[in-house]
Amino acid sequence: MPRVEIPSPFHLSPGQLRRLRRRLLAWFAANGRDMPWRRSRRPYPILVSEIMLQQTQVERVEPKWRAFLKAFPSLNRLAQAPRRDVIVLWDGLGYNLRAVRLHLLAQRISRERHGRLPRTLEELRALPGVGPYTASALACFAFGVDTPVVDTNIERVLRRLFAADPSDPDAPITKRRGATLAAALLPAGRSRDWNLALMDLGAQVCAPRQPRCGACPLAAWCTARAAFAAPRRQAGSQPRSPSTPGGPRRLSRRPAVRFENSNRYYRGRIVKLLRSLAPHESVPLSQLGRRIKADFTVADRAWLGKELRKMAREGLLEVRRKNGRSHVAMPS
DNA sequence: AACCCGGGGCT
DNA sequence: AGCCCAGGGTT
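Residues 1 to 332 (the working numbering) make up the first sequence, in order.
Treat the hints as calculated values from the structure; they're not laboratory data. Among the hints, erroneous ones may be present.
[To be verified] Below, simulated DSS-like cross-link-like pairs (lysine-lysine); rule was C-alpha separation at most 30 angstroms, straight line:
{"no.": "1", "residue 1": "K64", "residue 2": "K310"}
{"no.": "2", "residue 1": "K322", "residue 2": "K64"}
{"no.": "3", "residue 1": "K272", "residue 2": "K310"}
{"no.": "4", "residue 1": "K272", "residue 2": "K293"}
{"no.": "5", "residue 1": "K306", "residue 2": "K322"}
{"no.": "6", "residue 1": "K322", "residue 2": "K293"}
{"no.": "7", "residue 1": "K310", "residue 2": "K293"}
{"no.": "8", "residue 1": "K70", "residue 2": "K322"}
{"no.": "9", "residue 1": "K64", "residue 2": "K293"}
{"no.": "10", "residue 1": "K306", "residue 2": "K272"}
{"no.": "11", "residue 1": "K293", "residue 2": "K306"}
{"no.": "12", "residue 1": "K310", "residue 2": "K322"}
{"no.": "13", "residue 1": "K322", "residue 2": "K272"}
[Stated by the list, open to error] Restraint-style ranges between C-beta atoms, simulated for each label pair:
{"no.": "14", "residue 1": "P9", "residue 2": "A312", "range": "44 to 52 angstroms"}
{"no.": "15", "residue 1": "P166", "residue 2": "L273", "range": "47 to 55 angstroms"}
{"no.": "16", "residue 1": "D85", "residue 2": "A226", "range": "49 to 57 angstroms"}
{"no.": "17", "residue 1": "L273", "residue 2": "F10", "range": "15 to 23 angstroms"}
{"no.": "18", "residue 1": "L273", "residue 2": "Y133", "range": "51 to 59 angstroms"}
{"no.": "19", "residue 1": "T152", "residue 2": "R66", "range": "37 to 45 angstroms"}
{"no.": "20", "residue 1": "P166", "residue 2": "A67", "range": "41 to 49 angstroms"}
{"no.": "21", "residue 1": "R125", "residue 2": "Q210", "range": "50 to 58 angstroms"}
All C-beta atoms, glycine included, are put in the ideal place defined by N, C-alpha and C.
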């Protein structure tokens, strides 16, 4: 019976591919990281972990994840909670919009689906705060769907393993290329362990800076290994020209002023201030500026107003009238 | 594709 | 003082 051969995106023979999979899964069984959300089989705790893990390190998420689930034990309970409480529990995680979107997601799923998350990629992808990565991660880790998952760790592993130019193992690859490689490697029926294994390999062995190729179970198949074994000097890592100890250095060494003039910094300050308020308290707009910016002047009013409107639109805060004056508060 | 969005830890 | 991190949304 004739079969259509799907062209392999890489150089491995079927036998090599089989051995590669077996080696990594064995490595994972012995070296995989133990994280609390990996012990759960409930979609909701896994959802919370995936949202928290967006651009936030594992170690920092762990305690926050526990506290969040203690406060909001189920998706329906999260949906019922005041927005304010959700933002308060998000303290220390950053990217506060994630908290808002998770709350919106919970409210939608609670109202429209009786608190049951969908399990297809398309439906998951349509939820607020769920992009391509999180949709596939949820499908795989929460529902056992055979789908590739490509985060930054896995992309790095794939990039190096199948580098087109062995002398440039960290040359960027396209999303499409990453998805193609990940799909071709995926062992049907073991997607969960496989994707977690690739992640852990990227985090613990195939590290961004100094990959430990000597400890890598995939080194035998890896295109990048030679390049890392004989490290050539990177473009940006040349030792800086020696500074003569009296030569024209800096004019004055500033006390490392974190020039966080960015909107980002002040948005964080605003949310932090609102978190510190009692549940029904609010801050007069007339005071807000100088409470988040030491050198706030009238010239900053337009800027602040614009940021506040944006944040109100995003659901991070509310601007209300109180005694005829504008006050800023947590969303109700 | 580029930009915005926090915060902490690492080198 | 940059770089990095289980990305998503907007333009």
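Unsatisfied constraints (hint numbers, rising): Hints 2, 8, 17, 18, 19 and 21 contradicted; others consistent.
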